[in-house]
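Peer 1: Please build the complete structure, drawing on both the sequences and the hints.
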Amino acid sequence: MSDMESKNTGFFEISTKYPSLVPLAVEILKVKAKEACITRSNLRPFIRENQKTRELELVIPVTSLSKLEKCVLEAVGFPKRPVRVGDTMIIAIVVGSFELGQLDQELMQMLRTLYYTLTC
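Positions in the sequence shown are counted from 1; adding 3 to them yields my numbering.
Derived Cβ-Cβ restraints for the label pairs, each shown as a range:
#1 22 / 90: 38 to 48 angstroms
#2 22 / 89: 36 to 46 angstroms
#3 91 / 37: 18 to 28 angstroms
#4 91 / 22: 36 to 46 angstroms
#5 66 / 122: 19 to 29 angstroms
Computed list of lysine to any residue pairs in SDA-like fashion (alpha-carbon distance at most 25 angstroms, straight line):
#6 37 / 51
#7 70 / 86
#8 37 / 120
#9 37 / 107
#10 73 / 105
#11 70 / 23
#12 70 / 97
#13 33 / 93
#14 73 / 110
#15 83 / 24
#16 33 / 53
#17 37 / 115
#18 33 / 56
#19 83 / 99
#20 55 / 44
#21 37 / 52
#22 83 / 105
#23 55 / 86
#24 83 / 26
#25 73 / 86
#26 37 / 99
#27 33 / 47
#28 33 / 115
#29 70 / 93
#30 73 / 30
#31 73 / 40
#32 83 / 52
Calculated directly from the structure, the hints in this document are not laboratory data.
Here the structure is a predicted model, which means the values were calculated and not measured.
The C-beta atom is built at its ideal place from N, Cα and C for all residues, glycine as well.
Peer 2: Structure follows, in structure tokens:
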């Protein structure tokens, strides 16, 4: 089983266990996507292109999340991961466009639109 397959299997197991959290997670991700920039920051969400997979990712530093937002996103299946920002490492929740598409097609399209139109 590939890393992506195991990641998606975990997501579906958790979202089946807590189905009521999925719409809340989608709303949190929509708000964070609207706050995102393409400039990497340790204080606010940003959108990047994964160099290995060429997939767009929404990177949300945990410092930009409330305690409730962190708990909801982790419960739905988005774990915290280390991410390089300049010369430092931060802890962030990273959500790929493939995962966003599984949650909400509109959210995946929003990420693409934002990535190609953001000016900050």
